[in-house]
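Asker: Let the sequences and hints guide you as you build the complete structure.
For the record, the sequence lines run as chains A and B. So the first sequence is residues 1 to 179, counted in the working numbering. So the second sequence is residues 1 to 211, counted in the working numbering.
Note that these hints are calculated values from the structure, not bench results. Think of the CB as a built atom: it goes at the ideal place given N, C-alpha and C, for glycine as much as any other residue. Do not rely on the hints blindly, as some may be mistaken.
[Said to hold, decoys possible] Cut-off 25 Å, straight-line C-alpha distance, at most; resulting in silico cross-link-like pairs (SDA-like, lysine to any residue): (1) A:Lys170 / B:Tyr17; (2) A:Lys170 / B:Leu37; (3) A:Lys12 / B:Asp33; (4) A:Lys6 / B:Glu22; (5) B:Lys21 / A:Ser18; (6) A:Lys119 / B:Arg35; (7) A:Lys170 / B:Ala41; (8) A:Lys6 / B:Leu27; (9) A:Lys69 / B:Ala36; (10) A:Lys6 / B:Ile29; (11) B:Lys68 / B:Glu82; (12) A:Lys69 / B:Glu82; (13) A:Lys69 / B:Ala41; (14) B:Lys21 / A:Pro15; (15) A:Lys69 / B:Lys21; (16) A:Lys6 / B:Asp15; (17) A:Lys6 / B:Tyr17; (18) A:Lys69 / B:Ser12; (19) A:Lys170 / A:Tyr41; (20) A:Lys12 / B:Asp15; (21) A:Lys119 / B:Tyr38; (22) A:Lys12 / B:Leu37; (23) A:Lys12 / B:Glu22; (24) A:Lys12 / B:Glu82.
[Stated by the list, open to error] Facing chain B, a subset of chain A residues (Cβ under 8 Å, in silico): (25) Lys12; (26) Pro14; (27) Pro15; (28) Val17; (29) Ser18; (30) Glu21; (31) Ala67; (32) Leu72; (33) Pro75; (34) Gln94; (35) His97; (36) Asn167; (37) Lys171; (38) Arg172.
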Amino acid sequence: MNYFRKMMGTTKSPPAVSLFEILWSWLGAFLGISCVALVHYHLLGEGAELIMMIGSFGASAVLIYGATKSSLAQPRNLMGGHVLSALIGVALYQIFHDHLWIAASTSVATAIAVMHATKTLHPPGGATALIAVIGGEKIHALGYLYAVIPVGLGALMMLIVALLVNNIPKKRRYPEFWF
Amino acid sequence: MDSDSNRTFDISEEDIYEAMKEIEGYLDITPGDFRALYAIAHRHAITRLATSVKAGDVMTRDVVFVEKGTPLAEVADRMAREGVSGVPVIQDQKVVGVISEKDFVFAMGGEALRSFMAVVAHCLGNKGCAALPMRHQAAEHIMTQPALTVSMETPLSKVANIMAENNLNRVPVVDSEGKLLGIIARADIVQTSCTVIIPSEGMRPSSEGVA
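Answerer: Now the structure itself:
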């Protein structure tokens with residue numbers, strides 16, 4: 001009985017943020033993703049072996065521009081979560097590349113476990129680990145370089161934009177902590 | 001203990017929701033989680049304050065006391081004049097016992113009369129004052145001994161426990177040799193606990209002239 005009662009929830013949704021917060025979140029995400037996307041589409045381009053943009057950066061943008069106070073959005077989590085998850089994703093793809101469903105599931109599950117254990121929990125890291133498996137030929141060809149470019153470098157660019165943009169308004173600040 | 005501390009902090013999810021609205025930016029916590037966090041943090045704070053306040057911080061230094069050989073008439077007279085309901089009994093500056101109103105009541109009625117009203121009833125229904133047989137006795141004859149004492153460094157929470165467990169209203173504070181330094185009464189603890197948790201007007205730096 002208690003098991004089903006727990007599914008009802010116990011508390012209510014936090015309040016909505018102000019329009020001010022919405023606008024600054026938009027601006028941060030626009031600038032952060034712009035930087036990574038410009039490198040991806042114009043510096044590297046279609047034919048290049050390297051890429052800069054992966055889907056999980058969209059998720060990171062939600063946190064580091066839209067929920068700047070969250071512990072999930074702090075530099076330690078952003079950088080640590082992405083890089084560790086990328087390494088795990090690549091390793092498990094290389095081990096289980098003949099059984100992709102195992103590679104996909106173990107990479108995400110292990111990424112969460114390792115992020116928790118290292119206090120670097122960053123939800124987009126789960127996507128980063130998964131992309132190492134499902135990202136296609138180009139990503140597989142990178143091997144462990146995937147953890148540096150695009151993952152490490154892309155996350156770093158987004159971090160720099162977050163530091164520059166989030167600290168402009170008086171009422172906003174970033175980060176709450178570094179490590 | 002748990003239900004007690006919950007009763008005192010009593011912060012509603014509505015309070016938290018309103019507070020969250022006052023803070024700019026998205027807070028990554030639900031009101032329910034915050035409430036749970038606050039309850040635990042509150043308990044930690046109470047424990048910290050309870051252990052950080054020492055007996056020496058709240059004791060009364062100007063203690064009314066009597067000597068072991070002080071006649072009971074003089075003990076009673078001094079307690080009445082000073083308006084205290086208990087005094088430490090001293091021998092060579094060291095605390096050897098405590099005399100309280102309770103000890104007088106017991107002495108007046110022996111084992112049979114264990115309350116003040118029982119003594120009154122005894123006096124009214126009988127012949128004369130029950131205190132008269134004590135006329136030639138001294139403090140040492142009726143004092144509670146050995147006295148339970150604490151040191152300057154004893155946390156106030158422990159002092160409170162000692163009082164509650166032994167049903168005491170006051171505990172002498174002594175140095176390592178047992179010499180009297182001060183006394184803590186129940187009221188001192190209540191007052192300290194209240195001012196620590198809910199600072200009174202006098203404690204706030206903004207309002208001056210309130211003792």
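Asker: Against each hint, give a clear statement of whether it holds in the structure.
Answerer: Checked hints:
1. A:Lys170 / B:Tyr17: holds (23 Å)
2. A:Lys170 / B:Leu37: Not OK: Lys170 of chain A and Leu37 of chain B at ~28 Å, beyond 25 Å, violated.
3. A:Lys12 / B:Asp33: Holds, because 10 Å separates the two Cα atoms, which is no more than 25 Å.
4. A:Lys6 / B:Glu22: violated (30 Å)
5. B:Lys21 / A:Ser18: holds (9 Å)
6. A:Lys119 / B:Arg35: holds (23 Å)
7. A:Lys170 / B:Ala41: Judged against 25 Å, a Cα distance of about 29 Å means the pair is violated.
8. A:Lys6 / B:Leu27: holds (23 Å)
9. A:Lys69 / B:Ala36: Within the cut-off at roughly 20 Å; holds.
10. A:Lys6 / B:Ile29: holds (18 Å)
11. B:Lys68 / B:Glu82: With Cα atoms ~18 Å apart, Lys68 of chain B and Glu82 of chain B stay inside 25 Å; holds.
12. A:Lys69 / B:Glu82: violated (59 Å)
13. A:Lys69 / B:Ala41: holds (20 Å)
14. B:Lys21 / A:Pro15: holds (6 Å)
15. A:Lys69 / B:Lys21: holds (14 Å)
16. A:Lys6 / B:Asp15: Satisfied, since the Cα-Cα distance of roughly 23 Å is no more than 25 Å.
17. A:Lys6 / B:Tyr17: The given pair, whose Cα atoms are some 21 Å apart, holds under the 25 Å limit.
18. A:Lys69 / B:Ser12: Given that 25 Å is the threshold and the Cα spacing comes to 23 Å, the pair holds.
19. A:Lys170 / A:Tyr41: Measuring from Cα to Cα gives roughly 34 Å; hence the hint is violated.
20. A:Lys12 / B:Asp15: With Cα atoms ~13 Å apart, Lys12 of chain A and Asp15 of chain B stay inside 25 Å; holds.
21. A:Lys119 / B:Tyr38: holds (22 Å)
22. A:Lys12 / B:Leu37: At roughly 16 Å apart (the allowed maximum being 25 Å), Leu37 of chain B and Lys12 of chain A satisfy the hint.
23. A:Lys12 / B:Glu22: holds (17 Å)
24. A:Lys12 / B:Glu82: Since the Cα atoms of Lys12 of chain A and Glu82 of chain B sit roughly 58 Å apart, the hinted pair is violated (cutoff 25 Å).
25. Lys12: Status holds, d = 6 Å.
26. Pro14: holds (6 Å)
27. Pro15: Interface hint status for Pro15 of chain A: holds (5 Å vs cutoff 8 Å).
28. Val17: Cβ of Val17 of chain A sits 5 Å from chain B, so the hint holds.
29. Ser18: Constraint on Ser18 of chain A satisfied, holds at 7 Å.
30. Glu21: Since chain B brings a Cβ to about 6 Å from Glu21 of chain A, closer than 8 Å, the hint holds.
31. Ala67: Holds. Min distance 4 Å.
32. Leu72: holds (7 Å)
33. Pro75: Since the shortest Cβ distance to chain B is 16 Å, the answer is violated.
34. Gln94: Hint on Gln94 of chain A: violated, closest Cβ of chain B at ~35 Å, above 8 Å.
35. His97: violated (36 Å)
36. Asn167: Violated, because the Cβ-Cβ distance from Asn167 of chain A to chain B comes to roughly 13 Å (cut-off 8 Å).
37. Lys171: holds (4 Å)
38. Arg172: With a minimum Cβ separation of about 7 Å from chain B (threshold 8 Å), the hint on Arg172 of chain A holds.
Hint check: violations occur at hints 2, 4, 7, 12, 19, 24, 33, 34, 35, 36; the rest are consistent with the structure.
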